[in-house]
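Asks: First to last, the sequence lines map onto chains A and B.
Residue numbers 1 to 304, in the working numbering, belong to the letters of the first sequence in order.
Residue numbers 1 to 304, in the working numbering, belong to the letters of the second sequence in order.
What the hints contain is simulated information worked out from the structure, not anything from laboratory work.
Hints are supplied without guarantee of correctness; some may be wrong.
Pulled from the structure, derived: some chain A residues nowhere near chain B, Cβ distances all over 10 angstroms [as the list claims (entries may be wrong)]:
no., residue
1, Pro-88
2, Pro-90
3, Asp-220
4, Asn-224
Partner residues are not named here, just some residues of chain B that face chain A (Cβ under 7 angstroms, in silico) [claimed, not checked]:
no., residue
5, Arg-34
6, Ser-35
7, Gly-39
8, Glu-118
9, Pro-119
10, Pro-120
11, Ser-163
12, Leu-175
13, Ser-180
14, Pro-207
15, Glu-208
16, Ala-212
17, Ala-216
18, Ala-242
19, Ala-246
Glycine included, each C-beta is placed from N, C-alpha and C at the ideal position.
2 protein chains.
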Amino acid sequence: MTEHGARPDWIAADWGTTNLRIWAMAGATDLATRSSDRGMGRLAPGDFEPALVDLAGDWLGPGATPVIACGMVGARQGWTDAGYATVPCPPLGALPVRAPSRDPRLDVWILPGLSQAEPPDVMRGEETQIAGFLALNPGFDGVICLPGTHTKWAQVSAGEVVSFRSFMTGELFGLLATQSVLRHSIPAAGWDDAAFADAIDDALSRPEALAARFFALRADALLNAGDGSAARARLSGLLIGAELAAARPYWLGQPVAVIGAEAVARHYVGALSRLGLVPVQTDAGATTRAGLCAAWRMIRETAT
Amino acid sequence: MTEHGARPDWIAADWGTTNLRIWAMAGATDLATRSSDRGMGRLAPGDFEPALVDLAGDWLGPGATPVIACGMVGARQGWTDAGYATVPCPPLGALPVRAPSRDPRLDVWILPGLSQAEPPDVMRGEETQIAGFLALNPGFDGVICLPGTHTKWAQVSAGEVVSFRSFMTGELFGLLATQSVLRHSIPAAGWDDAAFADAIDDALSRPEALAARFFALRADALLNAGDGSAARARLSGLLIGAELAAARPYWLGQPVAVIGAEAVARHYVGALSRLGLVPVQTDAGATTRAGLCAAWRMIRETAT
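Hey, can you work out the whole structure from these sequences and the hints?
Replies: This is how it looks when you write it as structure tokens:
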């Protein structure tokens with residue numbers, strides 16, 4: 001039971017590579033939330049059901065509680081392969097897939113991702129955020145940017161995802177800052193707005209020079225004992241600037257919404273503002289929950 | 001003693017981050033060579049002398065044998081900090097530094113690297129290869145490309161390095177192929193000339209799209225079960241193509257020489273040939289040895 005003493009009608013689950021977050025839901029209202037570090041990356045197929053049962057615990061009643069899950073839980077190496085809907089299509093473009101389970105208190109549904117034939121691309125989890133954003137902002141026509149390990153840019157029109165593109169920006173930042181020769185020059189934390197802004201401008205004007213500018217961060221540290229916070233912000237700015245240069249066909253002249261974790265989304269909003277855009281920033285958790293609600297309504301309508 | 005029964009006049013040493021290679025020299029002739037995996041990356045300052053004595057072994061006579069070393073052995077975290085000469089200057093632009101040693105059979109000299117103030121850049125080891133290339137090709141005027149973990153492009157004129165630029169291309173390839181999400185799609189070996197050539201062209205035409213094209217390799221593997229060898233060659237081609245786009249001011253209309261390990265140098269030569277250039281490919285070992293010979297002559301002339 002939740003802290004409010006009520007059993008949920010259903011459970012919403014955001015199950016990514018590194019984390020599992022669940023919400024106890026009464027209709028469209030969330031009563032409580034819990035999370036664990038048992039993400040897809042740590043689990044074999046048979047581990048998903050126990051991980052969910054452990055976390056949901058007393059939320060589960062004697063009857064079967066529906067669980068609607070999105071994210072990497074539906075990947076080939078997840079609980080079950082939920083497949084993809086192919087764009088152009090609505091963000092919830094195909095029916096959820098029922099996951100194999102043994103516990104009679106569970107009735108688990110996993111949302112499919114989106115795929116694109118040319119250029120080849122996939123997303124899994126972000127489609128639910130896009131669905132949630134559209135539920136919260138009906139009639140939105142424009143571009144949604146979802147910063148993360150693999151940042152997504154999605155062109156949305158008339159309730160459909162028309163096309164999208166993924167950038168390995170977040171993963172490149174992590175690898176360069178912690179695994180490359182730059183790790184000697186980039187601290188684990190620290191920021192410098194001016195260095196970030198300069199790097200955005202540099203990358204936009206000559207995005208091809210990325211690999212040379214990375215090494216210059218190291219050389220600057222060796223020769224001039226450069227400031228680590230500035231180097232960290234500059235590395236981020238170079239990567240995001242190159243991404244913005246490549247994503248220009250997406251954002252140029254379009255309304256842009258940014259959905260993501262607070263800090264990284266704020267950096268994208270800052271960078272986009274330098275380009276004369278006025279992006280809307282939206283909370284990732286709220287859009288995910290709204291998307292799972294939309295999926296829940298879809299399942300109930302299909303059932304009746 | 002060498003296999004030829006003679007003790008060397010001096011020992012040439014190429015001492016990088018991962019390996020140590022030494023040659024027993026009689027004047028400019030190499031009598032024998034040995035190598036070990038005791039590179040700078042594995043050694044504390046006090047470990048360098050024993051590592052050298054172990055490998056040289058019976059090459060050392062009763063008197064002091066001069067050892068001329070280049071590479072990361074002269075870095076701040078090496079045997080001793082050999083500093084940098086600042087460009088524009090000849091590749092051996094400052095006097096070698098004597099390393100502190102205890103064994104009376106050793107007289108070790110370490111070559112300084114090169115640095116550049118703006119944009120900030122450094123090299124250590126490649127300056128010796130450039131000196132060797134100029135000794136083997138007197139009067140060369142043009143551009144020298146040295147592919148590696150941190151590929152260098154050096155503009156050479158009238159016996160001096162005028163300017164240079166480093167690109168983290170090799171390190172990025174290693175990180176992406178083995179540490180990123182692409183590791184699931186990139187095999188440890190395999191090659192496809194056509195995929196490499198296409199990727200070079202794609203990167204030259206839109207170098208800013210790098211981070212999106214990386215992710216497309218993963219998506220292609222998921223959606224189309226793409227060929228791993230082609231993906232590996234394409235990743236290399238995307239990175240080298242972006243580097244060539246950024247290095248255009250170096251190679252455009254210039255004679256180009258490529259110095260490097262056989263396989264990677266051949267890929268650079270192939271890519272440059274697509275741009276209408278006729279690059280000269282030179283063996284890295286031979287140029288390093290020739291550069292150390294030039295340094296040996298310089299030390300002897302200074303002494304007399």
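Asks: For a quick check of understanding: which of the numbered hints are violated here, in increasing order?
Replies: 3, 4, 5, 6, 7, 8 and 11
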